[in-house]
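Peer 1: Single-letter residue listing:
Protein chains: 4
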Amino acid sequence: LLEFYVLKLYQLSKAGKLCVPAMNVNDSVTKQKFDNLYCCRESILDGLKRTTDIMFGGKQVVVCGYGEVGKGCCTALKALGAIVCITEIDPICALQACMDGFRVVKLSEVIRQMDVVITCTGNKNVVTREQLDRMKNGCIVCNMGHSNTEIDVASLRSPELTWERVRSQVDHIIWPDGKRVVLLAEGRLLNLSCSTVPTFVLSITATTQALALIELFNAPEGRYKQDVYLLPKKMDEYVASLHLPNFDAHLTELTDEQAKYMGLNKNGPFKPNYYR
Amino acid sequence: LLEFYVLKLYQLSKAGKLCVPAMNVNDSVTKQKFDNLYCCRESILDGLKRTTDIMFGGKQVVVCGYGEVGKGCCTALKALGAIVCITEIDPICALQACMDGFRVVKLSEVIRQMDVVITCTGNKNVVTREQLDRMKNGCIVCNMGHSNTEIDVASLRSPELTWERVRSQVDHIIWPDGKRVVLLAEGRLLNLSCSTVPTFVLSITATTQALALIELFNAPEGRYKQDVYLLPKKMDEYVASLHLPNFDAHLTELTDEQAKYMGLNKNGPFKPNYYR
Amino acid sequence: LLEFYVLKLYQLSKAGKLCVPAMNVNDSVTKQKFDNLYCCRESILDGLKRTTDIMFGGKQVVVCGYGEVGKGCCTALKALGAIVCITEIDPICALQACMDGFRVVKLSEVIRQMDVVITCTGNKNVVTREQLDRMKNGCIVCNMGHSNTEIDVASLRSPELTWERVRSQVDHIIWPDGKRVVLLAEGRLLNLSCSTVPTFVLSITATTQALALIELFNAPEGRYKQDVYLLPKKMDEYVASLHLPNFDAHLTELTDEQAKYMGLNKNGPFKPNYYR
Amino acid sequence: LLEFYVLKLYQLSKAGKLCVPAMNVNDSVTKQKFDNLYCCRESILDGLKRTTDIMFGGKQVVVCGYGEVGKGCCTALKALGAIVCITEIDPICALQACMDGFRVVKLSEVIRQMDVVITCTGNKNVVTREQLDRMKNGCIVCNMGHSNTEIDVASLRSPELTWERVRSQVDHIIWPDGKRVVLLAEGRLLNLSCSTVPTFVLSITATTQALALIELFNAPEGRYKQDVYLLPKKMDEYVASLHLPNFDAHLTELTDEQAKYMGLNKNGPFKPNYYR
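Residue numbers (my numbering), protein chains in the order written: chain A, -12 to 263; chain B, -12 to 263; chain C, -12 to 263; chain D, -12 to 263.
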């Protein structure tokens, strides 16, 4: 969801219309990985189970979008025995999907066979009415992306289709021939509507946001202009280090000789800013 | 290996000593993922098998460094039934290791129990003589990082230890009490010395380098100063798209409406420059 | 659960006290794998999430028992990033755990570090009061085995401990020093109490039981004596074949030549009775 | 391979032509899992790499047969990013493949798209000349099953095809239109011809065989008739327990109370004979 606001910030900045400095915390490594990759890896399973009691083993699933959210969903579903394919517009993400063992397809090529359709694109009308018409009976459709426009739900509010609420957050859309499509959370975010977010993930997100605000407030004049900035690497690393004790993780320290060899400060930052 | 040269370029640039523009192709997404993550995922298994015929199942392995190379090694070894733990200096990478299911330890805490020790840090003296002294009989030591200094091999060329070459690229270092440590490729890069690199990966690396040179040559004066640049996103995506047909992957195209909604050109680039 | 009754049947039979023929449907391959392995692979995650909203990534988990249920639990938890170790009494299952990448430990060696303790043994007092005393604050304890005796819950109903119901099926047991252990379903079966069973699995189990009854009823006199029998292989295969269309699976048929070469009937059974 | 001889023994026994007692060591759990499942999980990767240097990521692979050998091959290839489907004649194994996330197909449905074809059936002519004719250029064909008849190699020794040996154990079969199929080990067992067998696995197999011979030699007259017997469970467990120290595995012991509750001897056997 935050991705959408960040995109808007960059567009404002490019257009010269941003009137304060802004910190893009969404793309800090820690936030990205936890809120998107790791959290969705768990909530896709949780959200589907709580709403539909589906058995994952052997299910044919298409995931639209192989960004961090899509990667999380695919990993979890594959691990539990689903047969997963993906759709992508970006050749880099598509190539990653290939190397991770997922077939890259167009949605219309596979839509008839799918048991579950999941959107994680940040875009709109990724699942169209025409594709909803072609789904098989019992197909589950849900959205893990950014807003309720990824699935064209509006097109389903139409006189020839009957909606039947079968459980909280679960609607059956019934076609004239009796076919049912199972729509979750009316196309809104599954992970927010039908699953819970672990406190650990909230802690990481909140810490990142708080540190960004403190940095903007304390920064000497001139450090930040009316632009969008990534969280300084060192703060990103600080957020991570605060959360390590939870896992009983033991960090290694550089020796003086090693730090010198690498040209690094012993306390970090350890990676260039662009590193993910 | 390239990571090392890139680091030096940035240090030169920072010191104001870089006298030409330079393109950091090593950190293009495509290069990073293929040369480091995906390629090492395969070559760690291949390199160990060809040299030692080790059975992976149930082996206790410590991987030093959880960057792209370390991630590749850990994924493959875990998948084949090894019990893997990691060491890290960077809290962000350490946190990722936790979430991926690896214990984060200090090398000296676990060294006595390990069957295999693998370095992927880009640093020096990561495995010291003291730690080599504490390894158990039959422990295998190898390097997937950047140079032959990660393992302190020099310290093993010492009169009280006997070297026995048992096979090409495989030395037994014999302690006075009869303990043997199996050193691969004399501490040089295992993936280059004892495994092969798939032509597909070479093709990606070579394409990236060629495009970077063409860009630097063709760029209008002033586009690049005496600094280090990341490969433009669009070229990175172009390299990926050239390699997709190999996998029979079918890319989805944005509709006009979708492209407008996202503020994207239909032909890319699809992601901000910092995206990995 | 059924395992327990089957054990009793064999004990009756051995003692010469069984007065009717009995069919051990629990150990048919289809039933075993679905009800135990595949179903528990999903319900361990579901049961833990619905009761505790736990994040699996990085959690230290010990699974007591590496039979089919334990294997299912371990696979799922490992896939979602938990760090899993197991306990076993049977050297064959212990060896399988090693080869699947799990450390085999005694419960008392690891109990202090664990975030989650899961029992799947079919035995009693697998988790004792002494071990409950040594768990860390917040440790979750639950049972996926056969009855509510695997965890010594009775020992927790004691004046020095306070029970606090925090949610349906979730109790906090509070020690005098403030330590809390999270007990799920009061030690009863987590998969039955806090998760749902997919209709597909119920269908397999019910089909198996129905066919076994029909066989016992229709069998010519003398085919079955007062003993315990495994479901005939052919029926086991029949149950499987009835459920394949669900997955759009296409079975291959033996040619006459191949059937002859293998000494098999083209319609099965395809494996000896002892095959799993 | 042994599976074949065991099958013949059972056929002899059924025909009343077996003139000595025989022990089916092939189907002891320890032997089965190590020689077939765990060993093949590693040797399929090793055999393919050493002969062809193939990159596994993104490759389309069909595995014929989902017994223990097939399961091992599929697990390893999937883990390294290959896209794997399987063929089966047995509905039980087919259902397992579905639940493990593999599409179950007929070979002729997919043969045109495959990058690698692997046979693990124990049967003959599983890959026919007609299917070899339809493979795409560069397709790799190999056999992990029981004899060199699984692939119809004889049909390739035909005047219109050219054989070119490109490396030890690797032949290119060249069609008149220039298409090349890569045949490994002339269709003989890949794991024996192009990979190595870990000493650990040999130790398990040899121990099992030795114990079986000792048992047959020492058994009081009348214990074994002219029939085929499975290795007594207790010996199977003994073999496993001898190999556990290798993994630093710590077995749990039953208390007297627990043994009584389960109706077990504290020293085993711990499972009924039919348990796998």
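Take these hints with a grain of salt, some might be off.
Note that identical chains are pooled: a pair holds if it fits in a single copy or bridges any two copies.
As the list claims (entries may be wrong) - In the DSSO-like style, the derived pairs of lysine-lysine whose C-alpha atoms are separated by at most 30 Å in a straight line are:
1) Lys258 x Lys166
2) Lys123 x Lys1
3) Lys220 x Lys4
4) Lys166 x Lys220
5) Lys4 x Lys221
6) Lys258 x Lys247
7) Lys(-5) x Lys123
8) Lys258 x Lys123
9) Lys253 x Lys111
Keep in mind the hints are simulated off the structure, nothing from the lab. Note that the structure is predicted; figures quoted are calculated from it, not measured.
Peer 1: Have a look at Lys123 and Lys1 and pick one of within, between, both or neither, based on CA distance no larger than 30 Å.
Peer 2: neither (44 Å within a copy, 49 Å between copies)
Peer 1: When no copy is specified for Lys166 and Lys220, does a C-alpha distance of 30 Å or less occur within a copy, between copies, both, or neither?
Peer 2: neither (52 Å within a copy, 37 Å between copies)
Peer 1: If the cut is 30 Å between Cα atoms, do Lys253 and Lys111 qualify within a copy, between copies, both or neither?
Peer 2: between (46 Å within a copy, 15 Å between copies)
Peer 1: Between Lys258 and Lys247, at a C-alpha cutoff of 30 Å, which is it: within one copy, between copies, both, or neither?
Peer 2: within (15 Å within a copy, 35 Å between copies)
Peer 1: Reference check for the pair Lys220 and Lys4, CA-CA at most 30 Å: within, between, both, or neither?
Peer 2: Close inside one copy (26 Å) and across copies (25 Å); limit 30 Å.
Peer 1: Given a CA cutoff of 30 Å, do Lys4 and Lys221 count as a within-copy pair, a between-copy pair, both, or neither?
Peer 2: both (29 Å within a copy, 26 Å between copies)
Peer 1: Go through the copies and call it for Lys258 and Lys123: within, between, both or neither, with a Cα cutoff of 30 Å.
Peer 2: Neither way: Lys258 and Lys123 sit 48 Å apart in one copy and 34 Å across, limit 30 Å.
Peer 1: If the cut is 30 Å between Cα atoms, do Lys(-5) and Lys123 qualify within a copy, between copies, both or neither?
Peer 2: neither (37 Å within a copy, 46 Å between copies)
Peer 1: Under a CA distance limit of 30 Å, which applies to Lys258 and Lys166: within one copy, between copies, both, or neither?
Peer 2: The answer is neither: 53 Å in one copy and 38 Å across copies each exceed 30 Å.
Hint check: violations occur at hints 1, 2, 4, 7, 8; the rest are consistent with the structure.
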